[in-house]
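Novice: Listed in order, the protein sequences are those of chains Y, Z, C and E.
Take 1 as the starting number for the first sequence in the numbering used here and just add one per residue.
Take 1 as the starting number for the second sequence in the numbering used here and just add one per residue.
Take 1 as the starting number for the third sequence in the numbering used here and just add one per residue.
Take 1 as the starting number for the fourth sequence in the numbering used here and just add one per residue.
Hints are computed from structural coordinates only; laboratory data are not their basis.
Hints are supplied without guarantee of correctness; some may be wrong.
[Unchecked claim] No more than 30 Å apart at the CA atoms, straight line, and that leaves these computed lysine-lysine pairs for BS3-like:
1. Y:K379 <-> C:K182
2. Y:K202 <-> Y:K221
3. C:K384 <-> C:K453
4. Y:K284 <-> Y:K506
5. C:K216 <-> Y:K463
6. Y:K488 <-> Y:K221
7. Y:K119 <-> Y:K460
8. Y:K119 <-> Z:K401
9. C:K173 <-> C:K378
10. Y:K53 <-> Y:K506
11. C:K182 <-> Y:K460
12. Y:K28 <-> Z:K223
13. Y:K379 <-> C:K173
14. Y:K488 <-> C:K216
15. Y:K284 <-> Y:K202
16. C:K453 <-> C:K533
17. C:K384 <-> C:K173
18. Z:K401 <-> Y:K24
19. Y:K460 <-> C:K173
20. C:K378 <-> C:K533
21. C:K182 <-> C:K378
22. Y:K28 <-> Y:K119
[Unchecked claim] Quick list of the computed label-pair ranges, beta carbon to beta carbon:
23. Z:P481 <-> Y:D464: 47 to 53 Å
24. E:L21 <-> Z:P481: 44 to 50 Å
25. Z:L511 <-> E:L75: 47 to 53 Å
26. E:L21 <-> Z:P8: 37 to 43 Å
Even glycine gets a Cβ: it sits at the ideal position worked out from N, Cα and C.
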Amino acid sequence: MSPWLPILMAVPVVGAIVVALLPKGSDKLAKQVALLVSLLVLVLTGVVAAGFKPSGERFQFVAEYNWIPSFGVKFGVGVDGVALVLIALSAVLVPIVILASWHDADGVKTADGTLITPKRSVKTYFSLLLVLEAMMIGVFAATDIFLFYVFFEAMLIPMYFMIGSYGGAQRSYAAVKFLLYSLFGGLLMLVAVIGLYFVAGKQTFMFPELVGAIQDPVTQKWLFAGFFIAFAIKAPLWPVHTWLPDAAAQAPAGAAVLLVGVLDKVGTFGMLRFCLELFPDAAKAFTMPIVVLAVISIIYGAIVAIGQTDMKRLIAYTSISHFGFIVLGVFAMSSVAQSGAALYMVNHGFATGALFLAAGFLIARRGSPFIADYGGVQKVAPLLAGFFLVAGLAGLSLPGLSSFVSEFMVMIGTYSSQAHGSGALTVAAIISAVAVILAAVYILWMVQRTMNGPTAEPVKAFKDLNAREVWVLAPLVALIIGFGFFPKPLLDVINPSVQQTLTNVKVPTSTIAEKGTGQ
Amino acid sequence: MNPAIEAPTIEYGTLAPLLIIFGAACIGVLVEAFAPRYLRKSIHVPLTLLSLAGAFALVLVQTVRGQISTTASAMGAVAVDGPSLFIWGVILVLSFVCVLLINDEGHFVASAAAVPGSADEEEAEAHDNGTGHTEVYPLVLFAVGGMLLFPAAHDLLMMFVALEVMSLPLYLLCGLARRRRLLSQEASMKYFLLGAFSSAFFLYGTAMIYGFAGTVSLPGINKALASGNTLDPLLLIGFALLGVGLLFKIGAAPFQAWKPDVYQGAPTPITALMASGTLVAAVGAVLRVFWVGLGNLDWEWRPVIWGVAALTMIVGSILAITQTEIKRMLAYSSIAHAGFLLVGVMATYGSAQQNAGSLKAILFYLAVYGITTVGAFAVLTLVRDPGGEAGHLSRWAGLGKRAPVLSGVFAFFLLAFAGIPLTSGFFGKYAVFAAALNSGTQPGDSMGGWMAGLVVVGVVASAIAAFFYVRVIVLMFFSEPAADGPAIAAPSMGTVAVIAVSLLVTVGVGLYPESVLGVANDAASSLFIR
Amino acid sequence: MESHIAEIVQHTGGVIGNAWLMIAFPLVGAFILLVFNRFTNRWGHLLGVAMSLASFVVAVLAFFELIGFGEEERRRAVHLYEFIPGMVDMGLLIDPLSISFALLITGVGSLIHIYSIGYMAHDEHRRRFFSYLNLFVAAMLLLVLADNYVGLFIGWEGVGLASYLLIGFWQFKPSAAVAAKKAFVVNRVGDFGLLVGMFIIWTTFGTLTFAELGEKIQPGQTNGTMLAIGLLLLLGACGKSAQLPLQSWLLDAMEGPTPVSALIHAATMVTAGVYLVVRSGAFFFPEGSGAALAVAIVGAATLLAGAIIGCAKDDIKKGLAGSTMSQIGYMMLGAGLGPAGYAFAIGHLITHGFFKADMFLGAGSVMHGMNDEVDMRKYGALRKVMPITFVTFFIGYLAIIGFPLLSGYFTKDGIIETAVHHQPILGWLAVLGAGITGFYMSRMVFMTFFGQKRWADDAHPHESPLVMTVPLMILSLGALGLGAYLVLSNRLLLFLAPAVGRPEELPEFAPFAPSGLATLGLVAVGAIFAWMKYGRAEVPSVQPRGSFLTTFARRDLYGDALNESLFMRPGQWLTRLAVFFDNRGVDGIVNGLAAGIGGSSGRLRRVQTGFARTYALSIFIGAALLTGALLLVGNI
Amino acid sequence: MTTHYLVLSGILFAIGALGVLIRRNAIVVFMCVELMLNACNLAFVTFSRQVGNLEGQIIAFFVMVVAAAEVVVGLAIIVTIFRTRRSASVDDANLLKY
């Protein structure tokens, strides 16, 4: 019983309540409190991370409290490597997002002083952010599947309000689409969760006890489907991805970062932990169709991204492509690929986060998300252009930046996976490598059209990044470059739990050690 | 040579809650008869509230003392068992808060008999200062009494009587709205005609079952089923007609038609009472009939209820999407919820323990749903136009800006209806779905797959349903306020209390459902007396 | 066939042990210049030069430490840190091959840094320019020093990035921005090959480090997998080294400032492909294997293509770019001939680094004097006004056409000899190429420095400052003697042998071999022809519409047209289609579903007519249905 | 021989139901409901005869009482609506719909 994780969840909740209860007109104070709280959470996460022993038990900082005995539900939390890095990701992103959306709720003015979004309640925005943080931590920390589900669904609400009341012109459409899409998936998952409970007949939802509880392959398939559809929608995987571009494009930049950077990871995280470990046979049976979907997402997302005229939509589609990589890695059933996928979840959070924020700053200056409205920004705002470029390069996973390592691991792990008649996976890896070319096209073309060339008239009025904005982007870029050359710290935490997963899936976890095979 | 007729025994102790309510109602009538007009309200309000509170206290006492009778009371006419007591408690609480709503000014007409806009109406309005008909109170008490009796009735005759005692006052109450008289009267008439119509079916069904079983007491019927030929058309038809009457009361498709009209036309506090209390009572009665009376017939009735439940959920949630009147929308939502409840009813069969599990789920659902409903309607009463409550959805646009707290609360209730986690509604829904799937996974249940299918239907339905709840939230928060938006009436203490209580329960149960679940569990574990 | 390649030995300490400093210096330079941007404007360029020189010094020291070891110990691996646990560690490999590259990169690099001080003097963003140059040097060094393919790949992409940034340095020019993007994308096509190549290597051998591969692959072994790997790596090499079919980006890359063209697109980066082939030679391009042949063929084809393109360009830089393609083609050809060719390929690579950089910088100096005019038809008779530039450029010219005893003569002829010896057909094509080289280079020289003035009215050509001319002189010295030094008595070959293997019989210098004589002859012919056409005759100052062949060459052999019609157009259509499909198709289904439900709801609610009797009817029907259902179920 | 009575009650019930469905005048509709109730009574009495206990007959009494109460309430409602609308047609009252 360690109190750390409950504390980690409680702190932002308390912070949210405090922020919400602040007297009227104390907007600035609200922001500062929110920032402080999120930083406190970051520190606490650091403490937890420091105390985590990669070689130790799989789940650490475990805590269990009875919650709903009549349903056999426990408030059970604990982290393994993957969960830990994702919690860390959230803890890092939230303060950055808070800083980034410092003025989002005050009514955003463009460089020429026209109001894009009207003034809205600042306190609500930041307390929603903190509530969301608590839920993000909870969803990754939950070891009780019911608890996981509760957070999985409850998370939608704050995000729904953030998109709906602070977003762009089409915000309510986007918000509703986002909510209903996810809710639908979630409800299917709910059925599967209940089914799991009764079929397993263990009178508990605790994940560790349910691993391997379901033997009958047919049941496994049905339950797997229930979980997977929910996660596929969340991830999002082609063809259930269309909510993401709308949501991400309409959400305020900060919310978009959390949406794509963290919330969607719950989907891939769920696949890795629940779909695989609870239903190993079904997972193997469904691997091929899923791999096909993943590859489609990779290529399709990239191609559609090239054709976008709206920056945020473009970034959203690139994410769809990247999520394809993650799913591919998860189902490649080789430890390299899965470690890569897990690592990708983190790196993608940083990379896309940076890209969304940079784009957000750009858009805030002009009030238009359309690429065509920009041009030659580099001349007037070199800093902005520079950060934008670096973030973009991370998006096309340039070697030396963090996302490369993960993408490389996913692809090479998939190619070399011996999981199931590796032929198909080999092909999948080769096809997905084509995305490397497409990525260069969509990123650099966007950079060329926005940053390069002669400076467009309205762009001339742009100011370069101010200190706050630099402080938002600098840490992300630092992380991107740092983990680009030194991914070891993350991988050392991730690898053991991935190995554990593969052991539970009963896949020979020898892909790393299979040196010298073949020929 | 006829033997001496020995006097019937009445367990006054167990029946005390009922007796209190009916007694208070009668006193209320006397008050109407003799007390001067200006005094009446000040007598009625404490009388009503006290009687409800007292009855509730008695229920508590019975449960706490734990001596829950295992045999039917009053010569086997009324069964005061665990579930009944739980249902009674719920009904009493709900009606208590509803009465708090009813106390508010301006809900009820001054003189129902007077023609709207006529001289004598104005004259009447001049006299009463917004209180309207004080007959409302005894009527409500009678209705509540009926509600208590309905699920506790142990034979079909008693059930019929209870049904009427519950319904007749409601018919009248529906017609007493102070504003929009025409709608109100129309609602009242429709409710009355259809209600009478359906109760006729109920009665004829009773007759046929009597013909089959030679008795109308539920256990008797069950015994007859055990021995006799369960395929006797007399029985099946009788049961079908009986079902019509019951399903009509809970508003299951295809007997849901009255709900939207009546809910919209009736005065909002009465709507709240019907949407919460009546539903609870009716579901309770359904459970008793199916478990106690037709326990041995589940092989026949479960497939039929399957269809009804599916249809109800779909109809309710789909029709609600395009509603523009908020009370109508809530009416359809309550139809959909009736469907979800029926999913739970599906699972109440077979082994006692299985039945107890499902029963727990349904009881829990009833409690949390009822209280949330009352809260939602209470909020409605506060959003006013010059012509009365602002019913049309378009009027709610941008309310979130003008009354953030109120709309926030309402939004929360809506999310609870939609069954979002961390609200009471979610656990209610979870409970019934779980019960259904559990019964499905019982060994040797040939309907396992069907149950799963029904749950999936339910899931899809609730996804659709989520849309229209969310739509209201979109209106309130994401769209700009209208120029001449509705006024927010300063809420009376009563209304504040109602909303506060409902919010507290919805949140509290949402965070820690065990609080209510435990009670429901105990109640259900001592099954319906058979 | 046995080609003794020395074992790689682990090394710690000493200069080699700290060879990472070579990379660190310029990297730090770039970092400082980028992070403290404005504050470094005044002294930024000096820092850049200093950093480049610093790593040159390290390289030299490392070189001497290396030759301190015996033949067989000259492959020293330095472990840096664990990169991807369980897959690959980051480490450096200091061996004759990589050190030669390191010297070339840092040496020529430093000279070009110095030159740029003068050349970019008037550019407001000179500091940024130097930061990019530093970044490039660092990445290029990582490329050649890494002891595994992943590290190599990181450097590989790093130089790609630097080249992207520098080509687009004047990004406000749309042409420059487009060229930069094109360069990167085309290179990515090559990277695709390199990536997949790495997948296969790792899957087959379970390692990506050269050392372990050396242990796992017995020399000369070939099979399908190996061939596949070879071809994929070759694809990568083609991308970086602008070989057919991925050549199209190099000519556009001339949009960048001239020093960039000299350093990246002539001396160093574009030769990375050759490095890759030679480095992997022992594993995947064993002499006589299909992969090696493919390399040679690509080389031969490109050397002709480049030469032909070079003949038709009036833009001096594009002319030089064409010649670069062509020269790298020679190197590739050499690299495709096994150990015998490696030495000459690398040798030519080094000498080419000198004389081509020399000529590019010369061209830059000319442009500097002619206020950035690049059209040679606007030049003429410049030898008097800018003597130093002329002399240095002329030396470079003689070197490249292979004038006896100058650098190019030794290295290029070496390649041709070996080619004729191993792959006669390709060899003779190379001879032909040499002839064409003679023509187009002479054409360039005559158009620029001889004939009449064809200057624009506002042009006041003048000699460039010393900071620019001194590097020119140094480079031209290299162009003069370096070839002889490296080739005579097989110095380079023997030096490289431990790293790349040695041929069974050492080539000896044979000045009167038939191919050699033929080459000289053809070159002479070409030069004379050029003299008649451009030296003696009047050069029209507007481009005359030439024959079909000329247009063919001017259009870069329709390379771009091909790409456009094959990839860009269909790609655009595909994109549009996909976007449409996504909005109408995938999303359409979703929205359609929602609309469907809404519509059905709108229709269904009409059932609620408001007539009590209709409701009664529904109840009645309901009752009937219920009864029917029960009877049905009951009697099943 | 009791079946005839049952048939009769069935017919009465059907007539009543049909009346509810087709007649417009609220009073008549209401009378039809009453008719249905009486059909029930007949059935009860007959069955009580058939099964040979008195419950059915007792129930009949209860039903009559309930019916009477229903009449009171029903007429009150119908009268008020008649006064406001000047028409007792159930079809005229359809403001509430859809």
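Novice: Evaluate each hint against the coordinates.
Specialist: Here is what the structure says about each hint:
1. Of the supplied pair hints, the one linking K379 (chain Y) and K182 (chain C) holds, its CA atoms being roughly 21 Å apart against a limit of 30 Å.
2. Restraint check: the Cα-Cα separation between K202 (chain Y) and K221 (chain Y) comes to about 19 Å, which is no more than 30 Å; the hinted pair holds.
3. In summary, the hint linking K384 (chain C) to K453 (chain C) is supported, as the alpha carbons are separated by about 11 Å, within the 30 Å threshold.
4. Between K284 (chain Y) and K506 (chain Y) the CA atoms are separated by roughly 10 Å; this keeps the pair inside 30 Å, and the hint holds.
5. The hinted pair formed by K216 (chain C) and K463 (chain Y) fails the criterion: a straight-line CA distance of about 58 Å is larger than 30 Å.
6. A C-alpha spacing of about 36 Å is found between K488 (chain Y) and K221 (chain Y), which places the hinted pair above 30 Å, so the restraint is violated.
7. Restraint check for K119 (chain Y) and K460 (chain Y): satisfied, since their Cα atoms lie roughly 26 Å apart, inside the 30 Å limit.
8. Pair hint K119 (chain Y) plus K401 (chain Z) holds up; C-alpha atoms about 12 Å apart against a cutoff of 30 Å.
9. Note on K173 (chain C) and K378 (chain C): the hinted pairing holds, with a Cα-Cα distance of about 22 Å set against a maximum of 30 Å.
10. Between K53 (chain Y) and K506 (chain Y) the alpha-carbon distance is near 24 Å, which keeps this suggested pair within the 30 Å criterion.
11. For the suggested pair K182 (chain C) and K460 (chain Y), the alpha carbons sit about 27 Å apart, so the restraint of at most 30 Å is met.
12. With a C-alpha separation of about 74 Å, the suggested pair K28 (chain Y) and K223 (chain Z) falls outside the 30 Å cut-off, and the hint is violated.
13. Pair hint K379 (chain Y) plus K173 (chain C) holds up; C-alpha atoms about 11 Å apart against a cutoff of 30 Å.
14. The suggested pairing of K488 (chain Y) with K216 (chain C) holds, with an alpha-carbon distance near 26 Å, which does not exceed 30 Å.
15. In summary, the hint linking K284 (chain Y) to K202 (chain Y) is supported, as the alpha carbons are separated by about 24 Å, within the 30 Å threshold.
16. Distance restraint check for K453 (chain C) and K533 (chain C): the Cα-Cα separation of roughly 16 Å lies within the 30 Å cut-off, and the hinted pair is therefore satisfied.
17. As the CA atoms of K384 (chain C) and K173 (chain C) are separated by approximately 33 Å, the hinted pair breaks the 30 Å bound.
18. As the CA atoms of K401 (chain Z) and K24 (chain Y) are separated by approximately 14 Å, the hinted pair is consistent with the 30 Å bound.
19. For the hint pairing K460 (chain Y) with K173 (chain C), the CA-to-CA distance comes to about 16 Å; that is within 30 Å, so the pair holds.
20. Proximity of K378 (chain C) to K533 (chain C) is assessed by CA-CA distance (about 16 Å); at most 30 Å being required, the pair is judged to hold.
21. Using a Cα cut-off of 30 Å, the hinted pair K182 (chain C) and K378 (chain C) holds, with the two alpha carbons roughly 29 Å apart.
22. Taking the CA atoms of K28 (chain Y) and K119 (chain Y), the gap is near 14 Å; set against the 30 Å cutoff, the hint holds.
23. Between P481 (chain Z) and D464 (chain Y), the C-beta spacing of about 38 Å breaks the proposed range 47 to 53 Å.
24. A C-beta distance of roughly 47 Å is found between L21 (chain E) and P481 (chain Z), which places it inside the suggested range of 44 to 50 Å.
25. Hint check: L511 (chain Z) to L75 (chain E), Cβ distance near 51 Å, so the stated range 47 to 53 Å holds.
26. Hint check: L21 (chain E) to P8 (chain Z), Cβ distance near 41 Å, so the stated range 37 to 43 Å holds.
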